Structures are given as structure tokens and as C-alpha cells.
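Engineer: In this text, residue positions in the sequence shown follow our numbering: the first is 1, and each later residue adds one.
For the record, the hints were derived by calculation from the structure and aren't laboratory data.
Quick caveat, the model's predicted, so the values are computed rather than measured.
The reader is advised that the hints may include incorrect statements.
Unchecked claim - Listed next, the in silico PhoX-like pairs over lysine-lysine satisfying Cα-Cα at most 20 Å (straight line):
id, residue 1, residue 2
1, Lys-109, Lys-54
2, Lys-58, Lys-109
3, Lys-54, Lys-9
4, Lys-2, Lys-55
5, Lys-9, Lys-55
6, Lys-76, Lys-55
7, Lys-55, Lys-6
8, Lys-76, Lys-9
9, Lys-54, Lys-76
10, Lys-6, Lys-58
11, Lys-6, Lys-76
Claimed, not checked - Pairwise CB distance ranges (calculated):
id, residue 1, residue 2, range
12, His-56, Gly-32, 36 to 44 Å
13, Lys-6, Val-92, 41 to 49 Å
14, Lys-58, Ser-123, 16 to 24 Å
15, Ile-112, Lys-55, 13 to 21 Å
Idealized CB from N, CA, C, for every residue including glycine.
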Amino acid sequence: MKLTQKQMKDLWGDGGPYSEAHLSIQERILDGSVSRTFVFVQTVINPFTFRFVKKHIKDFSQDALVIHIINQGEYKNVEYGFESNVHGSEYVSQKDMNDANKILMETRKAIIRMHQFVIDCFSDKKSADE
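Given the sequences, and given the hints that come with them, work out the whole structure.
Structural biologist: Structure follows, in C-alpha cells:
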């Protein structure tokens, strides 16, 4: 199976899928000081990968994190794709940051599994075999 020009554009990468995983710190400022600090893990998935994985979600039935990313995904636009919140917690101690970093690593692996699924489905070898 070959990808159309639009599908290639919706992958965002130069010939392959491109997505992002973000770790961010949010400070809430009340009056003249920081009242609370939070740590978040979020994804930005390219439109083609998100829609293709969603269409084939049964192939990920045992992958709770991919299912979560798809279920939480919210379409922004063609430039910002689908955003998903993976984790959010108050940042009270270093343990909270360590936990968020572990979740970020697992999120990165989940995105790679999603990308690999797309790559495997549209590889030249598979196309030649069909």
C-alpha cells in the first residue's frame, strides 16, 4: 500500500512519522508568589499516525498507554495534530519529577510503537508482497 501526498504530509516527518512527547512544569502564581507547581506529560501525535492507529486500535488491545493516548487525543489542527494528556501531578518532591520522567520514557516508547505500526503497514517490502 502506498501513501498519498496528503497522507505523507500528515505524517509531518521527512518520509516517516514525526510526533512529540513533552514534559512540562506549570507554576501557579497567586498574588505575589508561587502557590503550587505541577508536572505534566503530554503528547502531540501527527494526524496520520493518530487516525491510522485509532482505526486499527484492536491491534493495540493490550497496550494501555497507546489506548489512553488515542482515547484522550484532541484534534487541534493540521499543524498541531492530536494532543493528549498522559500524566499530571503536583510537584512536591523530587519523586514527583522522577515519576514524570519514567512516564515520559514510557510515553516515548508508546509513540515509537505507534510509528513502527505505521511504518510496518506501509513499508516497501510489505507493498511488494501484496
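Engineer: Give me the numbers of the hints this structure contradicts, sorted from smallest to largest.
Structural biologist: 10, 12
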